[in-house]
Amino acid sequence: MTGQILLLSGLVFFSILAILAKDLIRSAVSLAVASLFLGIIFFRMSAPYAGVFEISVVAGLITVLFILTIALTKAGGDVRESKLATLIFPLVFIVFVVIDVLVMKSLLHKIPALPDTAESGSFGDVLWKQRTSDLVGQLAVILAGVFSVLALFRKRDKDE
Amino acid sequence: MNSTWFVYLGFAAALLIVGLYALLTMKNVIKLFIGIEVIGKAVSLVLLSTGFAKNNILLAQSLVITFIVIEVSLVATALALIINITRRTKSLDVRKLTKLRG
Numbered sequence: 020m021t022g023q024i025l026l027l028s029g030l031v032f033f034s035i036l037a038i039l040a041k042d043l044i045r046s047a048v049s050l051a052v053a054s055l056f057l058g059i060i061f062f063r064m065s066a067p068y069a070g071v072f073e074i075s076v077v078a079g080l081i082t083v084l085f086i087l088t089i090a091l092t093k094a095g096g097d098v099r100e101s102k103l104a105t106l107i108f109p110l111v112f113i114v115f116v117v118i119d120v121l122v123m124k125s126l127l128h129k130i131p132a133l134p135d136t137a138e139s140g141s142f143g144d145v146l147w148k149q150r151t152s153d154l155v156g157q158l159a160v161i162l163a164g165v166f167s168v169l170a171l172f173r174k175r176d177k178d179e
Numbered sequence: 170m171n172s173t174w175f176v177y178l179g180f181a182a183a184l185l186i187v188g189l190y191a192l193l194t195m196k197n198v199i200k201l202f203i204g205i206e207v208i209g210k211a212v213s214l215v216l217l218s219t220g221f222a223k224n225n226i227l228l229a230q231s232l233v234i235t236f237i238v239i240e241v242s243l244v245a246t247a248l249a250l251i252i253n254i255t256r257r258t259k260s261l262d263v264r265k266l267t268k269l270r271g
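Listed in order, the protein sequences are those of chains L and F. Per the working numbering, residue 20 is the first one in the first sequence, and the count goes up by one each step. Per the working numbering, residue 170 is the first one in the second sequence, and the count goes up by one each step.
Mixed in with the good hints, there may be bad ones.
Under the rule of at most 25 Å between Cα atoms (straight-line distance), these lysine-lysine pairs were calculated in the BS3-like manner [unchecked claim]: (1) Lys41(L) / Lys196(F); (2) Lys41(L) / Lys102(L); (3) Lys196(F) / Lys259(F); (4) Lys265(F) / Lys93(L); (5) Lys124(L) / Lys223(F); (6) Lys93(L) / Lys41(L); (7) Lys223(F) / Lys148(L).
For the record, the hints were derived by calculation from the structure and aren't laboratory data.
Using the sequences and the accompanying hints, generate a full structural model.
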């Protein structure tokens, strides 16, 4: 559990870095490192498929998309974030962590445990047989994404 | 197992507050979107840790994979929107979006 807590702390640390870094490229890379930590956490929770997806798609593909967007929008120039927000953040975060720990401690034995149902079969059975209708929805979402990107980057008419 | 689950929930709540803080205080559109991504990480962590704690890891995994696929589609669309917005307003500042023109 200690290793897992260290990985979770790393995940939170790099997420904070992604939010507070002034350089956008640094933010994107910190987000990728946070995804990497999350992927390793998934692997250690014996969820290899989710870990592979997290590392390859979120840490890889999404980071590439982010860096591409940052490169394409460089003409937008720097946006000045208010210094107050960066200065107040540690205070807000520490207060929240204290409240978080207290609430979680008080809830620990009060919430009744969900029924513990053991699963049978393999991951493929669950994905393809139990969740068939969801996969159709997934395909629809992917197609919607593709068409929306095509629509957003279509060639404009001259008078527009 | 129950106490392990609460540790994951605690860390996920911390991630959620980091993302919310970015959404509430930042002005750069890309930073705002990074905040949304951080909240997404908190959601997938909660999904998988609940499956892990309740011996239901296979179903939780397939849910997380669905979530990741939808997230990619969302990111592609949102970043395309951000590029278009920047071309039009010549700035990444979210406050310049207040002047909507038909």
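Tested hints:
A hinted pair counts as satisfied when its Cα atoms are at most 25 Å apart, and Lys41(L) with Lys196(F) qualifies at roughly 12 Å. Proximity of Lys41(L) to Lys102(L) is assessed by CA-CA distance (about 11 Å); at most 25 Å being required, the pair is judged to hold. Annotation: proposed proximity of Lys196(F) to Lys259(F) holds, straight-line Cα distance about 15 Å (limit 25 Å). Distance check on the hinted pair: Lys265(F) and Lys93(L) sit about 16 Å apart at the alpha-carbon level, within 25 Å; holds.
Restraint check for Lys124(L) and Lys223(F): the C-alpha separation of about 19 Å stays at or below 25 Å, so the hint holds. Distance check on the hinted pair: Lys93(L) and Lys41(L) sit about 14 Å apart at the alpha-carbon level, within 25 Å; holds. Between the alpha carbons of Lys223(F) and Lys148(L) the distance comes to roughly 21 Å, so the proposed pair stays at or under 25 Å and holds.
Against the hints set out earlier in the document, no violation occurs for any number.
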